[in-house]
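*Asks:* Please put together the full structure from these sequences, using the hints given.
For reference, each letter of the sequence shown is one residue, going 1 to 130 in my numbering.
What the hints contain is simulated information worked out from the structure, not anything from laboratory work. Any given hint might turn out to be false.
[Claimed, not checked] Across the chosen pairs, the derived CB separations fall in these ranges:
#, residue 1, residue 2, range
1, Thr128, Ala76, 13 to 23 angstroms
2, Asn116, Ser62, 15 to 25 angstroms
3, Ala36, Thr128, 28 to 38 angstroms
4, Asp103, Cys37, 35 to 45 angstroms
5, Tyr84, His50, 13 to 23 angstroms
6, Glu119, Ala76, 16 to 26 angstroms
7, Lys104, Cys51, 39 to 49 angstroms
8, Asp99, Phe52, 35 to 45 angstroms
9, Lys77, Ala57, 37 to 47 angstroms
10, Ser106, Gly27, 18 to 28 angstroms
11, Glu16, Asp103, 36 to 46 angstroms
12, Pro78, Lys112, 15 to 25 angstroms
13, Asn116, Lys77, 17 to 27 angstroms
14, Ser69, Ala36, 28 to 38 angstroms
Beta carbons are placed, not taken as given, at the ideal position from N, Cα and C, and that holds for glycine.
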Amino acid sequence: MSTEQKNKINLVANSESKPYWEGAAKGQLLIRTCNACGKAHYYPRTICPHCFSEDTAFVEASGNGVIYSYSVTRQAKPPYVIAYVTLDEGVSMLTNIVDCEIDKISIGQKVKVKFNEAEDGYALPVFTSA
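*Replies:* Encoded structure:
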């Protein structure tokens with residue numbers, strides 16, 4: 001297996017998440033917003049976790065946010081960073097921080113989305129320093 005094949009991620013999109021993954025493949029970070037209460041939510045699901053309405057829709061997020069919390073896995077080769085990023089829209093998502101110096105990452109640091117290729121034409125949103 002080539003290094004390129006090992007680095008690809010196989011995603012399974014269901015009917016609720018398929019628009020999210022299709023947007024990511026186009027370089028768009030989509031989140032759901034509730035038309036009943038007006039609140040945004042992430043992960044992609046039809047029912048609003050705030051008011052339980054089914055009147056939700058995908059909207060494009062800015063892709064900008066800040067690191068809320070993170071952890072560095074140094075035992076892996078190469079080391080990697082997993083983090084909760086709070087988007088400017090107010091939702092938090094679990095993701096990876098990439099293309100930056102691991103020892104300079106900090107809570108509150110501004111980040112922006114980028115997309116890494118995954119299997120079947122999809123892309124995975126990850127974040128890098130803004």
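*Asks:* All hints are to be evaluated individually against the structure, with a verdict given for each.
*Replies:* Checked hints:
{"no.": "1", "hint": "Thr128 <-> Ala76: 13 to 23 angstroms", "result": "holds, 18 angstroms"}
{"no.": "2", "hint": "Asn116 <-> Ser62: 15 to 25 angstroms", "result": "holds, 19 angstroms"}
{"no.": "3", "hint": "Ala36 <-> Thr128: 28 to 38 angstroms", "result": "holds, 35 angstroms"}
{"no.": "4", "hint": "Asp103 <-> Cys37: 35 to 45 angstroms", "result": "holds, 41 angstroms"}
{"no.": "5", "hint": "Tyr84 <-> His50: 13 to 23 angstroms", "result": "holds, 19 angstroms"}
{"no.": "6", "hint": "Glu119 <-> Ala76: 16 to 26 angstroms", "result": "holds, 21 angstroms"}
{"no.": "7", "hint": "Lys104 <-> Cys51: 39 to 49 angstroms", "result": "holds, 40 angstroms"}
{"no.": "8", "hint": "Asp99 <-> Phe52: 35 to 45 angstroms", "result": "holds, 39 angstroms"}
{"no.": "9", "hint": "Lys77 <-> Ala57: 37 to 47 angstroms", "result": "holds, 42 angstroms"}
{"no.": "10", "hint": "Ser106 <-> Gly27: 18 to 28 angstroms", "result": "holds, 27 angstroms"}
{"no.": "11", "hint": "Glu16 <-> Asp103: 36 to 46 angstroms", "result": "holds, 38 angstroms"}
{"no.": "12", "hint": "Pro78 <-> Lys112: 15 to 25 angstroms", "result": "holds, 22 angstroms"}
{"no.": "13", "hint": "Asn116 <-> Lys77: 17 to 27 angstroms", "result": "holds, 18 angstroms"}
{"no.": "14", "hint": "Ser69 <-> Ala36: 28 to 38 angstroms", "result": "holds, 30 angstroms"}
Comparing the model with each earlier hint shows no violations; every hint is respected.
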